[in-house]
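Participant: Sequence:
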Amino acid sequence: MSKNKINTLSDLSSLNVVYSTNPDYDFSQEVPTIETLPNKQQKLYVSLDKKQRGGKKVTLVENFIGSDEDLNTLGKMLKTKCGVGGAVKDGVILIQGDFRDRVFDILTTLEYQVKRKG
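The opening position of the sequence shown corresponds to residue 200 in the working numbering, with each subsequent residue numbered one higher.
Everything labelled a hint here was simulated from the structure, so no lab data went into it. A few of these clues could be false.
[As the list claims (entries may be wrong)] Distance ranges between label pairs, derived from CB positions:
| # | residue 1 | residue 2 | range |
| --- | --- | --- | --- |
| 1 | 222 | 279 | 49 to 59 Å |
| 2 | 231 | 279 | 25 to 35 Å |
| 3 | 307 | 227 | 41 to 51 Å |
| 4 | 314 | 272 | 19 to 29 Å |
| 5 | 266 | 223 | 26 to 36 Å |
| 6 | 268 | 308 | 17 to 27 Å |
| 7 | 224 | 280 | 46 to 56 Å |
| 8 | 253 | 310 | 28 to 38 Å |
| 9 | 272 | 248 | 16 to 26 Å |
| 10 | 242 | 286 | 21 to 31 Å |
| 11 | 223 | 248 | 44 to 54 Å |
| 12 | 223 | 253 | 52 to 62 Å |
[To be verified] Restricting the straight-line Cα-Cα distance to at most 20 Å, the calculated cross-link-like pairs of lysine to aspartate or glutamate (DMTMM-like) are:
| # | residue 1 | residue 2 |
| --- | --- | --- |
| 13 | 256 | 297 |
| 14 | 249 | 261 |
| 15 | 242 | 289 |
| 16 | 278 | 289 |
Glycine included, every Cβ here is placed at the ideal spot set by N, Cα and C.
Using the sequences plus the hints, can you model the full thing?
Facilitator: Put into structure tokens, the structure is as follows:
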């Protein structure tokens with residue numbers, strides 16, 4: 200576990216600390232770091248979604264367990280290999296368009312456990 204410095208008020212509010220009257224008070228709390236599971240232990244779900252997107256299709260990759268940095272790296276690699284845009288939001292990789300089969304094949308070659316959902 201590593202100690203992270205609290206820099207903003209939103210960092211404090213997420214930890215339920217509101218206010219301290221002590222001028223010398225230094226709030227530090229250990230924030231657990233999430234370790235990324237190896238590829239063979241990851242169970243990812245690939246699905247197609249078009250709800251609340253104006254009828255446009257988006258391929259979703261869900262259930263990634265690990266750090267945000269590793270998730271962003273995987274998302275960038277998938278977007279590059281599919282040749283489209285996308286994003287990583289709330290632990291879910293969004294790939295613009297219907298690329299379920301291609302994403303499924305890419306993830307299985309990287310030895311992830313992948314299932315189609317929906």
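Participant: The structure should be examined with respect to each hint, and the outcome stated for every one.
Facilitator: The hints, checked one at a time:
1. 222 with 279: 49 to 59 Å: 50 Å, holds
2. 231 with 279: 25 to 35 Å: 31 Å, holds
3. 307 with 227: 41 to 51 Å: With Cβ atoms ~43 Å apart, the hint holds.
4. 314 with 272: 19 to 29 Å: 22 Å, holds
5. 266 with 223: 26 to 36 Å: 33 Å, holds
6. 268 with 308: 17 to 27 Å: With a Cβ separation near 22 Å, residue 268 and residue 308 satisfy 17 to 27 Å, so the hint holds.
7. 224 with 280: 46 to 56 Å: 49 Å, holds
8. 253 with 310: 28 to 38 Å: At roughly 36 Å between Cβ atoms, residue 310 and residue 253 fall inside 28 to 38 Å, so the hint holds.
9. 272 with 248: 16 to 26 Å: With a Cβ separation near 22 Å, residue 272 and residue 248 satisfy 16 to 26 Å, so the hint holds.
10. 242 with 286: 21 to 31 Å: 22 Å, holds
11. 223 with 248: 44 to 54 Å: Since residue 223 and residue 248 have Cβ atoms about 51 Å apart, the given range 44 to 54 Å holds.
12. 223 with 253: 52 to 62 Å: For residue 253 against residue 223, whose Cβ atoms are near 54 Å apart, the range 52 to 62 Å holds.
13. 256 with 297: Satisfied, since the Cα-Cα distance of roughly 6 Å is no more than 20 Å.
14. 249 with 261: Holds: residue 249 and residue 261 sit about 15 Å apart, inside 20 Å.
15. 242 with 289: Given that 20 Å is the threshold and the Cα spacing comes to 17 Å, the pair holds.
16. 278 with 289: 17 Å, holds
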